[in-house]
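> Each chain is listed here by its residues.
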Amino acid sequence: MSSQVAAMPRKTRGPWAVAFAKLATDRAAMASLAVFLIIVLACFSAPLYAKWAGTDPFASTLDAVIQIDGADVPVMEQSTEGLGLGYTPIGPTWRLGNYFLGADSQGRDVMARLLYGGLNSLLISGAATIFTLIVGTMAGLIAGYFGGITDTVLSRLLDVLWAFPIYLLAISLSIVTIAQGIAIGPIEIQSGSLWLPIIIIGIVYIPYVARPIRGQVLALRHSEFVFAAINLGVPGWRILWRDILPNITTTLIVFVPLMMALNMLTESALSFLSIGVQPPAASWGTIIQDGQALLYTRPLVALVPGLAIAISVMALNVFGDGLRDALDPRSKVRLGRD
Amino acid sequence: MKKLLLAASAAALLAGSWLAPAHAEYLKEHRGGTIRLLARSAAGTLDPHINYTDQGWQMYQPIYDGLVAFRKAEGVDGFSIVPDLAEALPTVSNDGKTFTFKLRKGIKFSNGQDLGVKDVVASFQRIFKISGPTSGTFYAGIVGADKCLADTKSCTLEGGVVADEAAGTITLNLTKPDAEILYKLALPHAVILPADTPPEDMGSKPIPSTGPYMISAFDPNKGMTVSRNPNFKQWSEEAQPDGYPDVVQYDFGLSEEAAVTAIQNGEADWMFDALPSDRLGELGSKSMDQLHISPLSAWWYAPLNTRMAPFDNEKARQAVAYAVDRNTLVKLFGGKVLASPVCQVLPPDFPGHEDYCPFTKNPGAKWSAPDVGKAKQLVEESGTKGQKVTIIVEDTAISRSIGVYLQSVLTNIGYVADVKPISSNLQFTYIQNTNNKVQMSVTQWYKDYPAASDFLNILFSCASYREGSDASINISGFCDKDIDAQMQKALDLGVTDQKAADKLWAAIDKQVTDKAPAVGLFTPKRLDFVSKRIGNFKFNPQFNWIITQSWVQ
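First to last, the protein sequences are chains A and B. Taken in order, the first sequence gives residues 0 to 337; the numbers are from numbering that gives the first Met the number 0. Taken in order, the second sequence gives residues 0 to 552; the numbers are from numbering that gives the first Met the number 0.
These are computed hints drawn from the structure, not numbers from a lab. Here a beta-carbon is modelled for each residue, glycine too, at the ideal position from N, C-alpha and C. Misleading hints may appear alongside valid ones.
[Unchecked claim] Anything over 10 Å on all C-beta distances counts as not near chain B; from chain A, calculated:
#1 Ile38
#2 Phe57
#3 Arg297
[Claimed, not checked] Simulated pairs of lysine to any residue, SDA-like, Cα-Cα distance not exceeding 20 Å:
#4 B:Lys436 / A:Leu82
#5 B:Lys387 / A:Leu82
#6 B:Lys387 / A:Ile188
#7 B:Lys387 / A:Ala178
#8 B:Lys335 / A:Thr79
#9 B:Lys387 / A:Trp194
#10 B:Lys314 / B:Gln443
#11 B:Lys335 / B:His291
#12 B:Lys387 / A:Ser192
#13 B:Lys387 / A:Ile181
#14 B:Lys335 / A:Thr176
#15 B:Lys502 / B:Ile482
#16 B:Lys531 / A:Leu82
#17 B:Lys335 / A:Ala63
#18 B:Lys524 / A:Gly83
#19 B:Lys436 / A:Ile174
#20 B:Lys436 / A:Ile181
#21 B:Lys101 / B:Lys117
#22 B:Lys335 / B:Gln443
#23 B:Lys387 / A:Ala63
#24 B:Lys285 / A:Trp194
#25 B:Lys375 / B:Cys356
Please model the complete structure; the sequences and the hints are all you need to start from.
Have a look at this one:
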C-alpha cells in the first residue's frame, strides 16, 4: 500500500491556492473579513435605507414631527422647564426607518447619515488606497530598477514627503485646497469634491508604499533571472512588468487592507477637522464632529460613528495580518494536506 | 455741539445722584476675596491700544482709563459718556472741531508715576505709532493724523493733540466735527498709558494702569492675575468705581463643557465663552438663579456679494431674504430666550432703530414667516436659477449648523449650494478679501459704540470696501452713491441734532435693508452663567458684565 501511494504523482496546489487555503483556516481573519463585508454592504445600501425611511439625510428638518406609537413627537424638543433654554434632538427610537439612532442638531436621521457617512468613508479610503498603491508602486519600481540618478531623485522626493508628519501634511494640503479646489491646467477639482480628500490622503501615504517596494525591487534587480533577461535583451519595461511586478504582488496585496485602515483613520480625522468631506455630505468623521456638540445629551450621535470606525479599522488590520501570514511562504501556518 | 453741552450738564446732574452711599457701604461689607474667571483661551495681546476683542475690552474696564468713559452702569445709562481722567466733559469750540479737557490732579499709575498731560499726548501719538487697528478709522479725524498714518514712526500729531502743562489741559483738534468722537475716546484704544510706554505691541507684558486694578501676572497659555492697584483712589464712582474683589484670577485652557462643570461645582465663578448648546436645557431648568440673560447690540447676518453672480442681481438677494426662516435660525441658536428674528441692519433698542421687515409673509414691522413662494418667483425672475453658490462659515458648531441650514434653503429655491467651514481664526478675514471670491458667508457684527453709523456706515459704505484687502469690512461690496451721500449727511447732522440724525439713519436702514446686500438672521442675547457666590451682577450694554462690581463674599 505504502509503496503504491508513494509511487502516485502528488498533485500540488499553486501558491495562490495554498495562500487562500491558509487564509481560510485563519478564523480571526475570516471573521474580520465577514464583519467588514457586512459594514460595506450596509453602507452601500444607504440610498435604499433613506428611501425606505422617507428621510433626507442632507436637509435640515428642525420642524419635523414623527409618529411613535401613534403619538406625534417633534424631532427637536424644546426644553419646557425653567427658562426653556435650548433644543434637544430626539434620542434613539430603536425603530428601523424611524430615527433608529435619533436625530442630530439639524434634525436629520443619524442612522441614514451613518450609512451615507460610511459609504463616503469607504469610497475615500478605498480610492485613496488604489491611488497610493499605483503611484507608490510605480515610484518604487522605477527607483529600484533604474537606480542611479533616477533613484537618487525619487528617493529624495520620497524622503521630503516622509519628513513631514502625516497629519500635518494632510491638514496643510486640505486647508490650502478646501475653499478653492485644485486647478492645474485642464485638471480641475471643485472644492466640495470627494476627489480632494482622496488625492490628499493618497499623496501623503506614497512613501509608505514606495520605500518597501523600492527595497524589494533593488533585491530582485540583482537576482539571476533578471540578469538573464537583461542579457537576453529583454526591454526594461517588460522585465518590470513580467518578472519583477509579479514578485512583489503579495506585498501589494498585504498593503491593501492595511492602507485602507490607515486611510480611513486619516479621512475621519480630516473630516472631523472640517477639512475632509464637506457639509451637508457626511462621513464618519463629520458625524462625530456634529455629535461633539451633543455629547452631553445625545452621546450616541458621536459614539456610533466612532465605533463604526474602530470596528472597520480593527477588522481591516486583523484581516491584513491574516493575509500577510497566508501569503508568506515562511509562515508557520500549516495546512493539513500540504 | 448742542448735544455735547446737554450731555455734559446731564452727566453733572447724574453724578450727584450716583454718589449715593450704597456703593461705599456695600464696599465695607463685601470687599475682598477672589473672583475666578474661565476662558478657553486668552484674548490675545495685553496691549489695550491694540487688543480689539470683547474679552479684552471687558477685562480692561477696571484697569485702564481714558479722558472719558462709558458710565459703569446697567441699561441705557451704560451707553452714556462721563468724564474719567478728565475733570469734566470737554468744552467744545471752533464749530465742534476743538475739544478741551482738563486733566484731574493727583492720579497715579500703578507703578507710582504721576499722570500728566504729557502721558495723554504720548498715548494719542502711540495709537498711530503702533498702527492701532482703529487709528485709520476712529482717530483719523484728528489734525495731523494723516501724517501719522503715512509715517507712523515719527508721529507727533502736531496741532491735533496740544497739551498745556501749566493749565493741565489737553486740546484735541479735529479736521471736521465728529458727533461720535467722545464714544471713540471712551474705547480702550484711547486709554491713557505712561508716556514712556514703548511704541510697540507689548504682547504679554502688562502696562501700568490708572484704574482700581492692575495686571500683576499674565501667561497667555495659563492665565492672568488682576490685583488691586495700590495707588488708586476713587475719583468718580460713575466712571471708575472701586471694585469689590481683591483679586480677579482669569484662567485659560478649559473647554466650555469643563468650565460649566467647574462653575456648577463652585470651582469657578464665570466663563467668557458661550455655553455649550447641549447644556442649555439642564442649566435653564436647574440653575435658573445663576443665569443672566442680557440684550446685545449685535447682528448675525449673511453678507451676499453684490459684485458676483448670482447676488449681483438684487432680486436674487431679496429671494434669499424672503426664503430664510428666522425662527429656525433662532432655534439653532438656542431658542427665543437667546435670540430674536430680524430683517434689518440696526439692532433693536439701538439709536436709529425703527422696526422694519419687508422680507416676510406679511411685510411690515416684524418678521413673521418665510415666503418661499415669493422667493422662488424672484429666483425665476432674476434668471439665476441653477447657479452655484458657496457659503463660507466659521468652523464652530453654531455657524456650521447655520451654514447647513442656509444650504438647504438655497437648494430649495433653486440654487446649487454647498457649505465650506473655515477655521474661526481665518474666516473673518477670508470673507472680506475680494480675491477669495466669496459669494455668501455667515458672520456677526457687535457694536463698537452705540451709534447707527457703527453698523450702517462701517458695513455698507463705499469707503469700507477695499479690493483685495483682508480689511474690507463691507463684505457685500455694496456701494450706492445715493445712500452713501445720505450717510454722510446723517453723520454731519449728528453734530448738531442727534435726534434728526437718528431719524435719517432709520430711513437709511430701511433703504439698505430693501437692497438686501446682506440677509439679517437674528439678534443674539448674552447668557452669563455665574457661580452661586457671585452677588451684585451688573450688565453694562457697552462692555458686558462689570466684573469687579460683583462680590464673592
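> Look at each hint and say if it fits the structure.
The hints, checked one at a time:
Taking the minimum C-beta to C-beta distance to chain B, about 26 Å, the non-interface status of A:Ile38 holds against the 10 Å cut. Not every C-beta of chain B lies more than 10 Å from that of A:Phe57, the closest at about 8 Å, which undercuts listing it as non-interface. For A:Arg297, the condition that its CB be more than 10 Å from all CB atoms of chain B is violated, with the nearest at approximately 7 Å. Restraint check for B:Lys436 and A:Leu82: the C-alpha separation of about 42 Å exceeds 20 Å, so the hint is violated.
Of the supplied pair hints, the one linking B:Lys387 and A:Leu82 is violated, its CA atoms being roughly 41 Å apart against a limit of 20 Å. Of the pairs offered as hints, the one joining B:Lys387 and A:Ile188 holds, with about 15 Å between alpha carbons and a cut-off of 20 Å not exceeded. Simply put, B:Lys387 and A:Ala178 have alpha-carbon atoms about 14 Å apart, close enough for the 20 Å limit, and the pair holds. About 12 Å separates the Cα atoms of B:Lys335 and A:Thr79, which keeps this hinted pair within 20 Å; it holds.
The suggested pairing of B:Lys387 with A:Trp194 holds, with an alpha-carbon distance near 19 Å, which does not exceed 20 Å. At most 20 Å may separate the alpha-carbon atoms for a hinted pair to count; B:Lys314 and B:Gln443 exceed this at roughly 24 Å. About 15 Å separates the Cα atoms of B:Lys335 and B:His291, which keeps this hinted pair within 20 Å; it holds. Note on B:Lys387 and A:Ser192: the hinted pairing holds, with a Cα-Cα distance of about 14 Å set against a maximum of 20 Å.
Between B:Lys387 and A:Ile181, the direct Cα distance comes to roughly 17 Å. Compliance with the 20 Å bound is thereby established for this hinted pair. Note on B:Lys335 and A:Thr176: the hinted pairing is violated, with a Cα-Cα distance of about 38 Å set against a maximum of 20 Å. Distance restraint check for B:Lys502 and B:Ile482: the Cα-Cα separation of roughly 14 Å lies within the 20 Å cut-off, and the hinted pair is therefore satisfied. Restraint check for B:Lys531 and A:Leu82: the C-alpha separation of about 17 Å stays at or below 20 Å, so the hint holds.
Annotation: proposed proximity of B:Lys335 to A:Ala63 holds, straight-line Cα distance about 18 Å (limit 20 Å). Between the alpha carbons of B:Lys524 and A:Gly83 the distance comes to roughly 15 Å, so the proposed pair stays at or under 20 Å and holds. Of the supplied pair hints, the one linking B:Lys436 and A:Ile174 holds, its CA atoms being roughly 16 Å apart against a limit of 20 Å. Of the pairs offered as hints, the one joining B:Lys436 and A:Ile181 holds, with about 15 Å between alpha carbons and a cut-off of 20 Å not exceeded.
A hinted pair counts as satisfied when its Cα atoms are at most 20 Å apart, and B:Lys101 with B:Lys117 qualifies at roughly 13 Å. Taking the CA atoms of B:Lys335 and B:Gln443, the gap is near 18 Å; set against the 20 Å cutoff, the hint holds. The suggested pairing of B:Lys387 with A:Ala63 is violated, with an alpha-carbon distance near 27 Å, which exceeds 20 Å. A hinted pair counts as satisfied when its Cα atoms are at most 20 Å apart, and B:Lys285 with A:Trp194 does not qualify at roughly 48 Å.
With a C-alpha separation of about 19 Å, the suggested pair B:Lys375 and B:Cys356 falls inside the 20 Å cut-off, and the hint holds.
Of the numbered hints given earlier, the model fails hints 2, 3, 4, 5, 10, 14, 23, 24; all others are met.
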